[in-house]
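S.K.: If you read the sequence shown in the working numbering, its first letter stands for residue 1, the second for the next number, and so on.
Calculated directly from the structure, the hints in this document are not laboratory data. Do not take every clue at face value.
Said to hold, decoys possible - EDC-like, lysine to aspartate or glutamate: derived pairs with alpha carbons at most 20 Å apart:
1) K88 to D57
2) K264 to E210
3) K267 to E307
4) K186 to E166
5) K29 to D57
6) K193 to E210
7) K304 to E218
8) K289 to E307
9) K289 to D251
10) K289 to D273
11) K29 to E3
12) K289 to D247
13) K96 to D44
14) K193 to D206
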Amino acid sequence: MPEARIAIAHGQMREHALEDVMLDFSQQKFDVLLCTTIIESGLDIPMANTLIIYDADHFGLGQLYQMRGRVGRSNRLAYAYFTVRPGKVLSETAQKRLDAIREFTEFGSGFRIAMRDLELRGAGNLLGPQQSGHLANIGYDLYCKLLEEAVLEAQGEAPKPNRDVETRMDVHVNAYLPAEYVTGDKQRLEVYKRIASITTAAQRDDVEEELVDRFGDEPLCVANLVAVAYLKAMCAKLGIDRVNQADGRIDMRFAANAQVDGQKLFKALTGFDKRLTLNAAPPVTLTLKDTTLNREDLLMLCVKVMERLLARMDLEAA
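When you get a sec, could you build the whole thing from the sequences and use the hints?
M.R.: Put into structure tokens, the structure is as follows:
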């Protein structure tokens, strides 16, 4: 389009320069706006009716949905093109994101997009009841931690070690709630929240019993989801901030600021399952290795091994 008038917008521009470009584009002084994801939210230009996203596989589902919403804001037919490089092999997650953005095109599909994003990325621990007051300012999870800390201080007790460690899980198993198992988006979100809140073996057992009572026998992907949530809680208790699964092994890396009783850990590992080893060189890592197991069985083994290790250290996943 040699005749097209092109404007450029990005986050490194000075505020007034960026404002001038956006105003000129809204007044149709330019035909094409070449920009970054700065347009993701807060932009309302009704006359814009075509969006082309380059390397769409690099963006999250929420970002794709927000950017798609920048066009079609009037009674004019709009088009959104999500492009990837020719011949590029997409990851499974990237393909699912693009499939979802193509599937949910009807008006008001934001909630369904959010549900699919939750299934792809997993439920975080910020999910909670409707937030208000101080809760809305700092988030549900942080509010609970501050409240717990205040109670312990009032009782003259020290805060629990590693309570601020956030464990990132990178496990290569299918772990989600199928729509045919838990029907209805609202109900599925509720169950995701229940599973994400698991911190102890008793809570895990309660959740699994509830799932069987309400929805029938667990599919493997649901059992995996519960196992991942419980393993995450146990690892956080030890101060582990990263869990990574590869073929035949699971590496659990301790956070740099983890508070761990080294003597208690070494004593617990003495005479323990030889498939679990400790690499004391930074970053300190526990590795569970068994090349005879598939990924799902290795995950379940890791849950059992970590449960026994915590018991040996007189700890519980709380």
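S.K.: Please go over all the hints and tell whether each is borne out by the structure.
M.R.: Hints versus structure:
1. K88 to D57: holds (10 Å)
2. K264 to E210: Given pair K264, E210 is violated - Cα atoms ~36 Å apart, limit 20 Å.
3. K267 to E307: Given pair K267, E307 holds - Cα atoms ~16 Å apart, limit 20 Å.
4. K186 to E166: At roughly 26 Å apart (the allowed maximum being 20 Å), E166 and K186 break the hint.
5. K29 to D57: violated (31 Å)
6. K193 to E210: holds (13 Å)
7. K304 to E218: Between K304 and E218 the Cα gap is close to 19 Å, so the pair holds against 20 Å.
8. K289 to E307: holds (16 Å)
9. K289 to D251: Since the Cα atoms of K289 and D251 sit roughly 9 Å apart, the hinted pair holds (cutoff 20 Å).
10. K289 to D273: This hinted pair holds, its Cα atoms lying about 10 Å apart.
11. K29 to E3: holds (13 Å)
12. K289 to D247: Cα-Cα ~9 Å, so holds.
13. K96 to D44: Status violated; Cα separation ~28 Å.
14. K193 to D206: holds (14 Å)
Taken one by one, the earlier hints fail for this structure at numbers 2, 4, 5 and 13, listed in ascending order.
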